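Protein chains: 2
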Amino acid sequence: MNNKIYFTPGPSELYPTVPQHMQTALQQKIGSISHRSKQFQEIYAHAVSGLRQLLQLPDNYEVLFLASATEVWERAIQNNVEHESFHLVNGSFSERFYETAQELGRAAQKYEAPFGQGFDVNDIEVPETAELVALIQNETSSGASLPVSEINKFREKASPDALIYVDAVSSLPYPAFDFGKVDSVYVSVQKCFGLPAGLGVWLLNERCVAKAEALLGKGLSIGSYHSLPSLLSKAKVNQTVETPNVLDIYLLGQVVEDMNRKGAETIRQEADEKAAAIYAFLERSKTFSPAVESPEHRSRTTIVANTTVPASEINKWLAEFNMAVGSGYGKHKEGQIRIANFPAHSPEQVNKLVQKLEELFG
Amino acid sequence: MNNKIYFTPGPSELYPTVPQHMQTALQQKIGSISHRSKQFQEIYAHAVSGLRQLLQLPDNYEVLFLASATEVWERAIQNNVEHESFHLVNGSFSERFYETAQELGRAAQKYEAPFGQGFDVNDIEVPETAELVALIQNETSSGASLPVSEINKFREKASPDALIYVDAVSSLPYPAFDFGKVDSVYVSVQKCFGLPAGLGVWLLNERCVAKAEALLGKGLSIGSYHSLPSLLSKAKVNQTVETPNVLDIYLLGQVVEDMNRKGAETIRQEADEKAAAIYAFLERSKTFSPAVESPEHRSRTTIVANTTVPASEINKWLAEFNMAVGSGYGKHKEGQIRIANFPAHSPEQVNKLVQKLEELFG
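Quick mapping for you: the protein sequence lines, in order, are chains C and B.
Residue numbers 1 to 362, in full-length UniProt numbering, belong to the letters of the first sequence in order.
Residue numbers 1 to 362, in full-length UniProt numbering, belong to the letters of the second sequence in order.
Chain C extracted, bound-state conformation:
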């Protein structure tokens, strides 16, 4: 039996109801049903309608299931960029999206802020020629966050045809997006949804679809089985092109139903309160300090702290008390810790972590 509480930034703690939903899945033999069956279509529709409710997604948005958010980067570039994309980069994951565009032969431009800093959006000029503008609402590597009000400024900054993409991999459903001001948002289920990894969710509007069709119409390759037209042809009948991670789609539907029962607003309020407790500790600690300087750019869901005690040491100590935090990302592996503050983490667990960190390290 493993009783550790994982405050790692994803994979992380499973949502508390996941074990019981998994038991139901086993009893109902969800792992054995055909992905072309009516039963699967109902599971698929349940997950999609639950997400639509939780996120208040408008009708002009599609919900697509991919293997990972990493895959979304590739499909976004293939389907929505002929020549040029523009990326806000302030950490490893926003950098990776930018590199993906380059690897796929596009002229990718970036506007960079130092690792761990937010963006002063008023300073940013979006090139006229950018077909896709890649924003990062929550940079999992550095804990820097872009407020929704700042995201909403990009519609005016970008050319009218540009598609605004938002990485909310490790924050959704926390940010309440204005989906009229952006064109696509994507997320991974192993972060705030508290699910086993192996599923990415790609939300996109009709403008993204039209762009893919336009590229196809020009005779350009937009991929094969996961081109947007191919994905949509199956999504319309509540199916996927390939045999998908059926179990995760089932679990997503169940967890989202649980979240809807709790309410998005309650989830957000709890996240704010838990984040406030963590940041208050980081501010008073003599070992830790918030890695993101400006409070308005501090993530509420993946909280990063500088540490004078190496991250591996901290986790050695925490292991004694059945807890784990994430180490820093890349070159910050030992000099920072990352604390996931997801819906799966109860206020009691967060308090226990803060208390223990304070006791052990001050």
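Keep in mind the hints are simulated off the structure, nothing from the lab.
This structure is a prediction, so every number in the text was calculated from the model and none was measured.
Don't take every hint at face value.
Just so you know, same-sequence chains aren't split out, so a pair can sit in one copy or run between any two.
[As the list claims (entries may be wrong)] Each computed DSBU-like pair below joins lysine-lysine, with the alpha-carbon atoms no more than 30 Å apart: (1) K218 / K352; (2) K356 / K331; (3) K38 / K316; (4) K218 / K181; (5) K333 / K29.
Since the structure of chain C is provided, determine the placement of chain B on it from the hints.
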């Protein structure tokens, strides 16, 4: 509680030990561990070494985890074909690989046999210019199979540089391949491995890697995160590029260990015996007949029968006895049934199915 036995051709019956491995996974919180942790690397290495033993895979082969076999088609073309691929097509899945090559802008050639027929390999000429030769060991849609001895003839038929790919999606570990005579074999875990869907396994040798590097060296795009160099850079340290379906990789390792305990030869022998019982029934039945005429081309793992009673009627009757078979594929939906004969299906279950089909339909 669902007590149905699924003889559907995948997703299908889970391997009998999967529920207990899933309980262990929940107790050990496998869904929460980091995909960059030592614990994940051990899970990964365990699955790979188990597969190497089960399949008797030579050291010059790599084992890669993708999201699906459908993804393997795309990555194979991107990484291993500059201009031209050549496909043996005798059903819907072999046709789909051929179409994938076309969608990716390659000059794909095909040699076609009618749906449900095997190939007379001696008649087939492989174009000199084919860089990838796509063989299908087991066509899940039609139940036609290509014996390993016939597969082995293609090394001589193809140009020395051509890469021989084998679709064993719904048959591995049944066929005992001569891995020296082919270059790549791929499989989906929701078929003969009896696992929840959401993982494809791509086996390939150093010739496939060299070809990808050569294309990259020419300045061609071979994809992004799932290009072969990218996949291999992580596989070498028992990791994946993206956060993968960790739970399925864990379960795969456990099930393969169970299979190794039983032994590949025993699994094959059982498959032969169960297949013989099913085909003997189909031969004597007045409702069913084997869909594949020539006995040597009949699949041992996905057995397809013509039926004079519509497939949906058959499943209505079988449902009363907690059993289900697959309907026919595509336009054969009602005129054929497909019976999975996977390692998860015990001889007792197969006998019960045969008995019930005979009782009900003669």
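Results of checking the hints against the structure:
1. In this assembly of identical chains, K218 and K352 lie within 30 Å of each other by CA distance neither inside one copy nor across copies; the values are 58 Å within and 56 Å between.
2. Only within a single protomer do K356 and K331 lie at most 30 Å apart by alpha-carbon distance; the minimum there is 26 Å, versus 63 Å between protomers.
3. For the identical chains of this complex, K38 and K316 are inter-copy neighbours only, at 14 Å across copies versus 49 Å inside a copy, given an alpha-carbon limit of 30 Å.
4. In this assembly of identical chains, the alpha carbons of K218 and K181 lie at most 30 Å apart only when taken from the same copy (28 Å versus 41 Å across copies).
5. In this assembly of identical chains, the alpha carbons of K333 and K29 lie at most 30 Å apart only when taken from different copies (23 Å versus 41 Å within one copy).
Hint 1 alone, counting from the list given before, is not met by this structure.
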